[in-house]
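Peer 1: Each chain, letter by letter, is given below.
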Amino acid sequence: MADHTLDAKGLNCPLPILKARKALKEVPAGGTLEILATDPGAVADFQAFCRQTGNELLEHSVDNDVYRFLIKHTAA
Amino acid sequence: MSSEAQAVQDAASGAPAAAPETKNMTIIVTKGSLDWAYPPFILATTAAAMGLNVTMFFTFYGLPLLLKKLNLQVTAAGNPAMKMPMMGAHMGLPNLLTAVPGVDAACSVMMKNLIKKKGVASIEDLRDMAVESDVRLIGCQMTMDLFEYDKADMIDGINIGGAATYIECATQADINLFI
Chain A
0 MADHTLDAKG LNCPLPILKA RKALKEVPAG GTLEILATDP GAVADFQAFC
50 RQTGNELLEH SVDNDVYRFL IKHTAA
Chain B
0 MSSEAQAVQD AASGAPAAAP ETKNMTIIVT KGSLDWAYPP FILATTAAAM
50 GLNVTMFFTF YGLPLLLKKL NLQVTAAGNP AMKMPMMGAH MGLPNLLTAV
100 PGVDAACSVM MKNLIKKKGV ASIEDLRDMA VESDVRLIGC QMTMDLFEYD
150 KADMIDGINI GGAATYIECA TQADINLFI
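Residue numbers (numbering that gives the first Met the number 0), protein chains in the order written: chain A, 0 to 75; chain B, 0 to 178.
Some hints could be false.
Just some of the chain B residues that point at chain A, by a computed CB distance under 7 Å [claimed, not checked]: (1) Pro38; (2) Ile41; (3) Thr45; (4) Met49; (5) Gly50; (6) Lys117; (7) Gly118; (8) Val119; (9) Met128.
Here are a few chain B residues that sit away from chain A, every Cβ distance over 10 Å (derived from the structure) [unchecked claim]: (10) Met85; (11) Ala104; (12) Asp133; (13) Tyr148.
Only pairs whose alpha carbons sit at most 25 Å apart, straight line, appear in this in silico DSS-like list of lysine-lysine [as the list claims (entries may be wrong)]: (14) Lys115/B with Lys82/B; (15) Lys117/B with Lys8/A; (16) Lys116/B with Lys21/A; (17) Lys82/B with Lys18/A; (18) Lys71/A with Lys24/A; (19) Lys18/A with Lys8/A; (20) Lys117/B with Lys21/A; (21) Lys8/A with Lys24/A; (22) Lys18/A with Lys150/B; (23) Lys18/A with Lys71/A; (24) Lys71/A with Lys82/B; (25) Lys8/A with Lys67/B; (26) Lys18/A with Lys115/B; (27) Lys24/A with Lys22/B; (28) Lys115/B with Lys8/A; (29) Lys21/A with Lys115/B.
Just so you know, the hints here were simulated from the structure itself, not pulled from any lab data.
The beta-carbon is built from N, C-alpha and C at its ideal position, and this holds for glycine as well.
Turn these sequences into a full structure, and let the hints steer you where they fit.
Peer 2: Structure (structure tokens):
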């Protein structure tokens with residue numbers, strides 16, 4: 000179970016990333032943020048976001064056109 | 000002392016590790032129509048979210064994007080690539096029709112409806128997010144004089160500068176874009 004969940008379903012680029020950045024600030028260091036999105040571009044974007052910011056993308060999956068990302072807050 | 004040795008010493012002495020070097024990006028924004036306003040604001044907000052320091056320099060037709068009140072329009076004139084999804088097909092407008100009064104307004108309304116329907120942020124929202132994430136916004140002084148804009152009509156928190164101001168930022172930056 001993630002510490003926080005962000006529902007970004009129906010939002011298009013770059014809103015899922017921008018909202019995730021904001022939501023991560025509320026997650027304590029070492030905590031996790033779950034993001035739900037319907038933007039297929041979010042898959043590549045969250046991978047790039049995590050590589051660049053140093054946060055850890057623990058898992059990503061898709062179920063019924065809803066993408067789920069679990070990010071561990073490991074960077075500032 | 001090598002940086003590695005320094006790091007070892009810092010760790011041993013309990014000094015905080017140096018933050019990874021922050022990247023910088025600049026964007027010259029030269030166009031102010033509804034469609035052209037998107038790339039600079041999308042890239043600026045995303046880069047800021049990814050930890051970059053971002054500077055946007057608004058010049059010529061990009062300058063009005065700093066006005067408090069935005070009413071952005073799009074035109075199909077001279078843009079044969081602009082085709083809107085309509086009843087399962089993509090429809091463009093012949094250039095002659097784009098000159099008919101009201102057509103630009105209708106195109107703009109149509110695009111704003113699409114933007115809302117597809118969950119795309121408005122330019123107003125993206126601009127607010129840019130300000131919130133400390134993107135540095137610079138209005139071009141020469142353009143203000145040329146087109147007679149008043150800083151009082153622009154949003155708060157912007158800087159005014161010229162080419163040298165931009166160039167100084169650009170020399171420090173890892174990414175410099177002209178849009």
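Peer 1: State for each hint whether it applies.
Peer 2: Structure-based check of each hint:
The beta carbon of Pro38/B is not positioned within 7 Å of any beta carbon in chain A (closest approach about 11 Å), and the interface hint is therefore violated. Hint status for Ile41/B relative to chain A: holds, with the closest Cβ pair at about 5 Å, below 7 Å. Look at Thr45/B: its Cβ gets to within about 4 Å of chain A, closer than 7 Å, so that hint holds up. Taken as an interface hint, Met49/B checks out: its beta carbon lies about 5 Å from the nearest beta carbon of chain A, inside 7 Å.
At its closest, the beta carbon of Gly50/B sits 5 Å from a beta carbon of chain A; the interface hint therefore holds under the 7 Å criterion. Evaluation of the Lys117/B hint against chain A yields a held restraint, the C-beta minimum of about 6 Å falling below 7 Å. The beta carbon of Gly118/B comes within 4 Å of a beta carbon in chain A, closer than 7 Å, and the hint placing it at the interface holds. Taking 7 Å as the C-beta cut-off, the interface hint given for Val119/B holds, the closest approach to chain A being about 5 Å.
Interface hint status for Met128/B: upheld, as the beta-carbon distance to the closest one in chain A is roughly 6 Å, under 7 Å. Distance check on Met85/B: its Cβ is at least 20 Å (rounded) from any Cβ of chain A, clearing the 10 Å threshold; non-interface status holds. With a minimum CB-CB distance of about 24 Å to chain A, Ala104/B clears the 10 Å threshold, and the non-interface call stands. Listed as outside the interface, Asp133/B is consistent with that label: its C-beta sits roughly 12 Å from the nearest C-beta of chain A, beyond the 10 Å cut-off.
Every CB of chain A is more than 10 Å from the CB of Tyr148/B (nearest about 28 Å), matching its label as outside the interface. Taking the CA atoms of Lys115/B and Lys82/B, the gap is near 17 Å; set against the 25 Å cutoff, the hint holds. A C-alpha spacing of about 11 Å is found between Lys117/B and Lys8/A, which places the hinted pair at or below 25 Å, so the restraint holds. The straight-line distance between the Cα atoms of Lys116/B and Lys21/A is roughly 23 Å, inside the 25 Å bound, and the hint therefore holds.
Only pairs whose Cα atoms come within 25 Å are accepted, and Lys82/B paired with Lys18/A is rejected, the gap being roughly 30 Å. Under the criterion of a C-alpha separation no larger than 25 Å, the hint pairing Lys71/A with Lys24/A is consistent with the structure, at around 12 Å. A C-alpha spacing of about 11 Å is found between Lys18/A and Lys8/A, which places the hinted pair at or below 25 Å, so the restraint holds. As the CA atoms of Lys117/B and Lys21/A are separated by approximately 22 Å, the hinted pair is consistent with the 25 Å bound.
The hinted pair formed by Lys8/A and Lys24/A meets the criterion: a straight-line CA distance of about 20 Å does not exceed 25 Å. Taking the CA atoms of Lys18/A and Lys150/B, the gap is near 31 Å; set against the 25 Å cutoff, the hint is violated. For the given pair, Lys18/A sits about 15 Å from Lys71/A by alpha-carbon distance, which is consistent with the 25 Å threshold. Distance restraint check for Lys71/A and Lys82/B: the Cα-Cα separation of roughly 41 Å exceeds the 25 Å cut-off, and the hinted pair is therefore not satisfied.
For a cut-off of 25 Å, the pair hint linking Lys8/A to Lys67/B is broken: about 30 Å separates their Cα positions. Straight-line distance between C-alpha atoms of Lys18/A and Lys115/B comes to about 17 Å, which keeps the hinted pair within the 25 Å bound. A hinted pair counts as satisfied when its Cα atoms are at most 25 Å apart, and Lys24/A with Lys22/B qualifies at roughly 20 Å. Of the pairs offered as hints, the one joining Lys115/B and Lys8/A holds, with about 14 Å between alpha carbons and a cut-off of 25 Å not exceeded.
Taken as a hint, the Lys21/A and Lys115/B pair is honoured in the structure, with Cα atoms around 22 Å apart against an allowance of 25 Å.
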